[in-house]
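Kindly generate the complete structure, drawing on both the sequences and the hints.
4 protein chains.
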Amino acid sequence: MTVTNGYEQSDREQAIKIINLDELEDQARQIIPQGGFGYISEGSEDEWTKARNRAAFNTVQIAPRVLHSVEAPSTSTSVFGVSIKTPVIMAPTAAQGLAHTRGEAATAEGVAAAGTIMSQSTYGTTSIAETAEASKGAPWFFQLYMSNDWEFNEALLDEAKSHGAAAVVLTVDSMQGGYREPDIRNEFQFPLPMANLAAFSETSGKGKGIFEIYAAAKQKITGADVRRVAEYVGLPVIVKGIQDPCDAALALGSGASGIWVSNHGGRQLNGGPGSFDVLPSIARAVNGRVPVIFDSGVRRGSQVFKALASGADLVAIGRPAIYALALGGAQGVRTVFEYLTHEFRIVMQLAGTQTVDDVKRAKLLHY
Amino acid sequence: MTVTNGYEQSDREQAIKIINLDELEDQARQIIPQGGFGYISEGSEDEWTKARNRAAFNTVQIAPRVLHSVEAPSTSTSVFGVSIKTPVIMAPTAAQGLAHTRGEAATAEGVAAAGTIMSQSTYGTTSIAETAEASKGAPWFFQLYMSNDWEFNEALLDEAKSHGAAAVVLTVDSMQGGYREPDIRNEFQFPLPMANLAAFSETSGKGKGIFEIYAAAKQKITGADVRRVAEYVGLPVIVKGIQDPCDAALALGSGASGIWVSNHGGRQLNGGPGSFDVLPSIARAVNGRVPVIFDSGVRRGSQVFKALASGADLVAIGRPAIYALALGGAQGVRTVFEYLTHEFRIVMQLAGTQTVDDVKRAKLLHY
Amino acid sequence: MTVTNGYEQSDREQAIKIINLDELEDQARQIIPQGGFGYISEGSEDEWTKARNRAAFNTVQIAPRVLHSVEAPSTSTSVFGVSIKTPVIMAPTAAQGLAHTRGEAATAEGVAAAGTIMSQSTYGTTSIAETAEASKGAPWFFQLYMSNDWEFNEALLDEAKSHGAAAVVLTVDSMQGGYREPDIRNEFQFPLPMANLAAFSETSGKGKGIFEIYAAAKQKITGADVRRVAEYVGLPVIVKGIQDPCDAALALGSGASGIWVSNHGGRQLNGGPGSFDVLPSIARAVNGRVPVIFDSGVRRGSQVFKALASGADLVAIGRPAIYALALGGAQGVRTVFEYLTHEFRIVMQLAGTQTVDDVKRAKLLHY
Amino acid sequence: MTVTNGYEQSDREQAIKIINLDELEDQARQIIPQGGFGYISEGSEDEWTKARNRAAFNTVQIAPRVLHSVEAPSTSTSVFGVSIKTPVIMAPTAAQGLAHTRGEAATAEGVAAAGTIMSQSTYGTTSIAETAEASKGAPWFFQLYMSNDWEFNEALLDEAKSHGAAAVVLTVDSMQGGYREPDIRNEFQFPLPMANLAAFSETSGKGKGIFEIYAAAKQKITGADVRRVAEYVGLPVIVKGIQDPCDAALALGSGASGIWVSNHGGRQLNGGPGSFDVLPSIARAVNGRVPVIFDSGVRRGSQVFKALASGADLVAIGRPAIYALALGGAQGVRTVFEYLTHEFRIVMQLAGTQTVDDVKRAKLLHY
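Residue numbers (UniProt numbering), protein chains in the order written: chain D, 1 to 367; chain A, 1 to 367; chain G, 1 to 367; chain Y, 1 to 367.
Keep in mind the hints are simulated off the structure, nothing from the lab. Just to be clear, a hint being listed does not mean it is correct.
Simulated crosslink set (DSSO-like; lysine-lysine; CA at most 27 Å straight-line) [as the list claims (entries may be wrong)]: (1) LYS360/Y <-> LYS218/G; (2) LYS220/Y <-> LYS218/G; (3) LYS218/Y <-> LYS85/D; (4) LYS218/Y <-> LYS218/G; (5) LYS360/D <-> LYS218/Y; (6) LYS360/Y <-> LYS220/G; (7) LYS363/D <-> LYS220/Y.
Now the structure itself:
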């Protein structure tokens, strides 16, 4: 246990046994302080949309195919020319120091060990440099929350590019925080510095405090912002937080190289659809032109399968990995990805699909 | 605590902290006497319709739009030429003395402070004059339960007009009380005088007792009654309690200047639809000719959004404000309106809507 | 308390207070012996259909109409030329001695006092003569379970006709008892004689024991049986237990003068539809040629309304009246009918319907 | 109680009383060791599909027909020229020694006594010879899990044929075990030898250990395997585990003589449809060319009826028989089949169906 600003961070580094990802939540609740756990686990308002994220998967069923000559299915796939062992990647989640003293660095290490992709958040508790270092050459994405201060955006994009980010994930669904009650109940304040903000504050010489920068987060985001980021950074830009086909089209028209379907795990707009509800219509709008990444509510191999069969190319998870981070550090994170991939591989076999491409063509039913 | 006829009225006047409007109910239950609380909170019969009021909102979802260039959305709107800070107004609810010793006067004061519209009930425990006074120039509506004694109606309408009511709300769904079990179980009798009835009894010289007037409430209400009230009072008349497009059309043909879609919070006809279920068809019948006001079951910013996006121009709340009245007097009431407007503003931002008019044009989904 | 063959029968005769009909079940459970209560309350198999009977009502909603000029609605109606105060009548239920020492006689007395129609079961614990006597001139129906012994049928029909039955209810859905677990768990045996069977045994001189007669109940029932009964008795024959439009048509073609839509309160075939589910299609098949009576699951005024608006002319209740019989004798039974009619009258007013015929024309919605 | 390798096997042989099949589960839980009970009762992943198996039956309703001249319905039917007393047969389930020391032999004896068909699993704890012997001339099927070692398959098929199997059931939905949490939680290992595997190991002279053979189970199964088995064994081959019409067509085209619709009781692919959901489309694909057998979730007579009315010719049960095996040995098993047939016969009568063929033509409703 490490205590920072009075906040007790886990410093575990150990193997964890996973029966299912859902159970990690209660286990993590035991060791993450209440304020941090509330922040990580919460949804917005009455959490209808957060719950719908899960329930939406049950609106479709996988047709089990049994005479399809499948053996030892392969979960390998690739994105932006990078090969990975599994279509399950890490979603960008902020402030991972709330779960573990090594924060994003440990996550990156575990993700790399599992052979898949890390996403580093603007609001990480470790810096881009540290996370990149921990990835040890494995592919990773940098996630950007745009600031009204373009210099800040440039600084982060420069940093990410110089450390070898494979793509930039531009989050566009968080022009304002959702109304999340646990944070209010807990009177939760971030106890830990955000490394990238602190770094900019120091190096820019502009004398800005972290709070000032945080408050400068951009509300007003348009296609022009997508284009500006893409043109500046010269890396693929994935627009994250898309829930409507028209926004997907707008993002593509503005130079997006990827569409990330997400409702932020039900943390932003409540009263909207489950993320899985909107995936098919967005995938049709994208029509294969760029990769589609999906998140929000994935906990089971069968859900990974359903998302891919509904048009996703990759599936991201967030909270389960953070819970495992608290429980076992990098080893915990690695186990989460390997475990979920294991469940997914069983589903592949039982559904009669040999490859990830087979999964994408699989038939789904509605009962 | 003030004791009137053996009934213990709250006399709190204090700031309240709201996490969500639902929690107010249990908090208020602690301080409002059982009979009064039963009367305020109850629905009719087995309360299917009261419960459906809430559930109906979940039959539609807000499409989250994210590249819409929205910043600091405005909740301002107007009705009958009156500008207000929020589309959330106060529904007329009877006998507010059950919740607070200052009754409607405190409510009016809180509503005015929040920059929106009060509705004063015929069966208020404070008089039209007192409520109007407490509004301090802010706009307010007078709600009329018609009596078979036209003189009584005239007296109330005269009083309301002379004190500056902006409109008259003519309630037409209460030709008889719904079958409400808590009142029967509690053997509940109104412990407090109804100021407007008492005043008429005294000033008319007709020697009628309050019970006599109350019993004279009109069951048989038609379009002709709407017309008669409208012609007499010379103010906009909003017909409240409409749940069917044909009744809306009939009201409009009879001179209504507004349609108030409501099932009385599930207190009247049970076994009918949720109020939100019928809003779209009524809004289509009204077709923008007059303002549509909506109530019954609204507790969340996302629900305000959904109601406006389904054809309402204003949304009214009742019970949550009464609970807050008990908990904090005028300050409590004010906080309820500001809180709900705060939730609504967050939803506006996250749904990509800058103005109330944008909300009205927003797309809803059905999953 | 009266003890007969070791079975403790209620002999209460007192006013009862009803908040709602559902609560009567638990109250009655306190005073009816376990075996008898099990028999009265049970459904068959896993009771899906019994539960569906209730849930089916929530699949339609009453459209509340508010400008319809309604005042003091009338619940009066008539059937076979007999005027009654309410469309709610008594369903035939067997062995009412299980609930009260006076059995069907007390029920008949209470039903008559409420101004509506009693139905006397073949398997009553009081005789046709006693029940007819207790009806004191009020209309009543005789319900026939056919025997393979036609002489037995003739004897019962003769008896019913001679005592003034207004119609014969021929039950056709009980060719065999449903699979009802409480009876098996309780090893329940009827502790009381069945008066009509005992009487036939004595008077026919055929020397048959009750068990022999009971075992002779007819499984194989066809249209020819309907015709034979109708031709023999010369009274209107209502065929009870219809759940399919084709069976309704067949009954009509065989001389039925009424169709009784019922699934026996979920006591017979489980896994079938709720009785209310099938009412509209059967009413369309009948098309107004004969009266349609509906039962199974009715507990609320709004449900009476929905049944009438879906094609029923009369609505019958069973279990709630039997519970009230145990709790208050004839007075209890009377109160049940008056109470339910009271709830129904409120719904009539709030739905904008002045007469039972208005109710039949009312619009229902599906949300 | 018999203890084998530390595992406590029931050795009961006694009459059991059945109120309903569901209750057997809790009763059996008391006497089967935790590991064995987990293995028998579990489904895969979050058990959505296992639960859906039950719920799917409630999506259709039996139309109760009442004037159909039915008396003492007959449950007799036949398959492959073999007459049986009931359309309910025994599904192949592995390792029945977990429930009872006599294992499959006791099951076969009970099934034969009930006049229906036993299915012997490849992975039985008693040998083909023993089970065949216990069947005493009654018809039985042999179920084959294919091995990559064709010699092993031949040995089993030879053995089954020589002992008089009426058909071979080729299971094709278990190319890999489903992800079942109780086994992992209990760290369950089969404590008992599998007789057929052990026998092959000894007699083949190939020196293979049981684990080696078990590990050689074939993942890659195609139509060619169906054809090879059918041509080799010269008995009807029923392909078990079909959940999709195209797989049914493929099996038929590959020489299948029967289609067994099953999702393995929800033990294999989770996130797929309920087995009953897919039955109608598969029956249409088969179109009467070969018998259709159905399992997964059947516990009630009404469910047997619904399955037959949806296109099944026979219905199989697994877990309830295994629970009864633990509770009462051969007598318990016999009672399960007789009990369920009893429930089914009541439903036949109440639905107006005289024969199993009538049931197949019965109308189902969807509410």
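To see whether the hints hold, each was checked on the structure:
1. This hinted pair checks out: LYS360/Y and LYS218/G have alpha carbons roughly 25 Å apart, not beyond 27 Å.
2. Of the pairs offered as hints, the one joining LYS220/Y and LYS218/G is violated, with about 58 Å between alpha carbons and a cut-off of 27 Å exceeded.
3. Our distance criterion of 27 Å between C-alpha atoms is met by LYS218/Y and LYS85/D, whose separation comes to about 25 Å.
4. Taking the CA atoms of LYS218/Y and LYS218/G, the gap is near 57 Å; set against the 27 Å cutoff, the hint is violated.
5. Between LYS360/D and LYS218/Y, the direct Cα distance comes to roughly 25 Å. Compliance with the 27 Å bound is thereby established for this hinted pair.
6. A threshold of 27 Å between alpha carbons decides the hint, and for LYS360/Y with LYS220/G the separation of about 20 Å falls inside it, so the pair holds.
7. Only pairs whose Cα atoms come within 27 Å are accepted, and LYS363/D paired with LYS220/Y is accepted, the gap being roughly 20 Å.
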